[in-house]
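Student: One letter stands for each residue in the lines below.
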Amino acid sequence: MDPRVLEIALVVGAVGLWAACYAALFLVTRPASPRPGPATQELGTESPAVASLLANRWAVTEDAVEATLLDLAARRHVELRQPAADPMQTTVHLRPEADQSGLTAYERRVLDRVGALAVGGVVPVTALTFRDDKQAKRWTKQVRVEIVAEARTKGLSQRRFGKTAVGLLVAAAGVVATVVAAAAIHYNQRVVEEDEAGLVIFAFFFTFIALSAIAGRYPGERDTLDGRVVAARWLGVRDWLRGHEEFADLPPAAATVWDRYLAYGAALGVTRVASSVLDLGMGSRRLVWSSYGGTWYRVRVRYPRFWPKYGRKAFDLITRALLSIGLGLVLVLYGTKPRQILSDAAPARWFDTFEPLARIAGIALLAYGGYKLLRAVIDLATERTITGEVLWVQVWRTARKDDDARPEPVLHYLAVDDGAGDRTTAWALPSELAFCNDGDTVTLRVRRWTRRVLTLKVNERSKRGDFTESTVDHESEDLVATTLGSTMRAVTGVLRAPDVSPATLLTAEEVGHALGMAVRMQDEVPVPGPFRMVTFHTVERNKQVLLLQLAGGRMGAWAWRSNSRGTPLPGIGDGAFANGDRATLRFGETTVVLTLLGKGKGHRQHLPWLLTQAAGRMSA
Amino acid sequence: MGNLGLFIALGAIALVVLLLIGWTISTYNRLVRQRNQVRASWAQVDVQLVRRYDLIPNLVETVKGYAAHERSTLEAVVSARNTAMAAAGTPGGTADRAAAENVLTQALGRLFALAEAYPDLKANQNFAALQAELANTEDKISYSRQFYNSAVQTLNNSIQSFPSSLVAGLGKFEPPAYFEAAGGERGPVQVRF
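Protein chains in written order, with my numbering: chain A, 1 to 620; chain B, 621 to 813.
No lab work stands behind these hints, which were simulated from the structure alone.
Ideal Cβ positions, reconstructed from N, Cα and C, are used throughout, including at glycine.
One or more of the hints may lead you astray.
To be verified - Okay, the calculated beta carbon distance ranges per label pair:
{"hint": "1", "chain 1": "A", "residue 1": "C21", "chain 2": "B", "residue 2": "S762", "range": "54 to 60 Å"}
{"hint": "2", "chain 1": "B", "residue 1": "S762", "chain 2": "A", "residue 2": "G102", "range": "19 to 25 Å"}
{"hint": "3", "chain 1": "A", "residue 1": "L433", "chain 2": "B", "residue 2": "S762", "range": "55 to 61 Å"}
{"hint": "4", "chain 1": "A", "residue 1": "G588", "chain 2": "B", "residue 2": "A755", "range": "26 to 32 Å"}
{"hint": "5", "chain 1": "B", "residue 1": "L639", "chain 2": "A", "residue 2": "G102", "range": "52 to 58 Å"}
Based on the sequences and whatever the hints tell you, model everything.
Tutor: Shown next, in the form of structure tokens:
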């Protein structure tokens with residue numbers, strides 16, 4: 001067999017097998033679809049958000065957040081008022097007197113969001129949308145993990161891949177990485193004359209880390225035994241509510257009549273109108289709510305894309321205008337020159353056509369350049385200062401400093417409502433001035449024609465930036481961290497490299513003194529993963545005599561377990577052992593292993609002394 | 621040519637007839653579904669009302685221990701309960717049943733008002749538990765009534781609207797009565813602004 005085929009087959013086969021195992025596990029652990037219980041109007045103790053999770057096959061949908069807002073209204077933490085026939089005109093009113101002590105983390109987060117947006121305690125329900133995509137994603141993710149955390153606390157949900165499954169996948173990743181490394185060794189022996197350990201180490205760790213990262217990725221939630229029972233009951237409630245045709249057409253303000261039933265209806269996906277009105281996701285940048293001046297109204301914003309002048313610097317515009325004028329002059333004044341120069345080379349009718357066209361183009365360029373120059377000069381002379389509320393900030397243009405660099409923002413769109421009307425055109429904000437957020441009150445110095453912002457001053461910061469700041473207690477935060485991060489933390493714990501550099505633990509002089517020979521320390525070879533190591537070589541023949549290895553985190557604990565045997569050496573670090581030509585030291589979460597090699601093997605009696613030196617450096 | 625015209629006309633008539641049959645079946649099934657929802661909603665009301673009947677004897681006995689001489693109030697509760705239970709034998713949603721239940725609600729209200737004058741009774745744990753349970757049941761009755769009335773409204777709209785009223789007439793669908801609350805509880809809307 002062709003050795004190349006063998007190498008590729010080894011790598012593809014091993015990785016493919018691992019991927020197949022992962023896919024099989026994914027299939028096996030898919031959330032159950034419980035059969036709905038009998039239709040009932042009896043509500044359970046779970047919140048609408050958790051009910052939504054269970055009814056949607058253990059997935060948090062946007063219904064959960066909307067239902068939470070309706071539930072807050074049903075429990076009198078906020079009021080929903082509909083002043084006219086159109087449910088889109090519903091407003092949310094804060095009730096600061098309501099006791100918030102019993103609220104869950106995500107309920108408080110939704111309430112905080114309403115509070116941050118409210119002006120005079122009121123916010124239109126359609127103004128609850130986000131204006132920053134990243135902020136929206138971050139906020140939604142936090143709410144999601146808090147809902148999942150609550151469901152897990154009640155025993156209704158569990159991580160799709162448990163610790164054992166992830167552990168097995170990581171172990172399998174280790175096997176696959178070994179196979180890939182073996183293929184790399186084979187390749188080395190076939191192609192490279194000298195063994196390249198770097199390629200093998202890289203192949204091993206790259207494969208291991210990549211597959212472990214996939215294994216540790218959050219795979220979603222799945223059912224539990226209790227969860228299936230409760231989900232069946234909630235599906236029964238859904239069937240009950242669905243049977244009432246009127247329910248689908250209830251507006252959000254009907255929460256005052258239907259209390260929590262409307263919230264549960266929204267959570268279970270049976271409230272068509274209420275769910276279509278409520279939207280706590282990303283909003284539209286073209287129709288934006290403004291509260292500038294103390295009342296709420298909508299502003300239409302235009303974002304120019306193809307205006308040649310838009311956002312240009314005056315220097316650029318004047319330069320372009322002068323170029324146009326120059327080109328126009330050339331065409332007008334020297335349009336007949338080609339006939340004089342090339343009269344012998346081309347027929348006369350060509351010049352009869354070209355000359356009037358050149359003259360027309362020249363005049364057009366002169367007019368265009370003159371107009372641009374005049375407007376640019378007027379624009380320069382008529383700078384204005386406006387004050388208003390920032391409605392939308394968004395990157396418009398990016399540029400790379402060089403081919404390899406990442407694109408960086410150059411210009412931002414900045415929509416500002418200065419109270420002059422319900423329509424506006426976004427300003428072009430140089431990105432170095434883009435330090436404001438939506439809702440801030442700002443003063444701008446601008447050029448109206450180019451819409452370019454020259455200076456920006458933030459007069460008052462908005463509360464909206466605090467959306468994602470956690471107001472939940474520490475215990476809940478821990479729970480949330482555990483919800484999504486436990487397995488990943490376990491994986492990263494395994495892979496975490498020790499903070500201490502092995503080169504700082506022993507000097508060449510100390511090793512030389514212990515081994516009775518002149519040695520030098522080889523530079524540390526950077527290796528991905530949880531290990532760090534240096535080697536000491538004889539000066540005379542460059543032969544290895546001592547290997548110093550460090551392992552941190554979970555891998556350090558494993559290294560300690562497998563090496564803590566032989567003669568105990570009390571008083572050194574948190575524990576130490578000597579076993580033949582190897583000695584091990586434990587200090588905190590770090591394990592140090594000294595291994596004598598080659599000519600060093602005859603000096604095992606000095607290993608405790610070397611460990612003492614290393615322990616001393618670590619404690620320092 | 622003449623045959624083709626005839627075929628087209630017959631085809632059009634057949635299509636219209638098919639559409640009509642399809643619509644009739646669909647409307648009839650919708651009416652049946654709505655009627656079943658009314659019945660299911662009434663069953664939910666009934667469950668809560670029976671729960672209330674079950675709680676009343678215990679409550680009366682407890683109050684007797686502290687305020688035996690308030691005979692008229694206690695007898696009114698017992699009598700209202702008996703009347704309501706008798707009315708329960710008739711088909712659901714009737715005006716008589718609703719009236720009897722409303723009398724019982726009012727009698728219970730007077731009984732609880734009476735307890736205010738007897739601190740020992742108010743402090744009695746059994747009485748407090750029964751009062752809480754009854755309040756909970758009253759809440760559930762209120763929601764059940766809301767669901768029932770909502771289902772009745774939907775069915776009545778279908779029965780009385782044209783053209784579904786034609787199918788309702790053929791299928792002998794009768795508009796059920798609302799279960800109306802008494803006095804201050806009348807109507808499902810309680811705006812709290």
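Student: All hints are to be evaluated individually against the structure, with a verdict given for each.
Tutor: To see whether the hints hold, each was checked on the structure:
1. Take C21/A and S762/B: their Cβ atoms lie about 55 Å apart, and the range 54 to 60 Å holds.
2. In this structure the supplied range 19 to 25 Å holds for S762/B paired with G102/A, their Cβ-Cβ distance being about 23 Å.
3. Separation of L433/A from S762/B is about 58 Å and conforms to the stated range, judged on CB atoms against 55 to 61 Å.
4. Between G588/A and A755/B the CB atoms are about 60 Å apart, so this pair departs from the stated range of 26 to 32 Å.
5. Between L639/B and G102/A the C-beta distance comes to about 56 Å, which sits within the given range of 52 to 58 Å.
Checked against the numbered hints above, the structure violates only hint 4.
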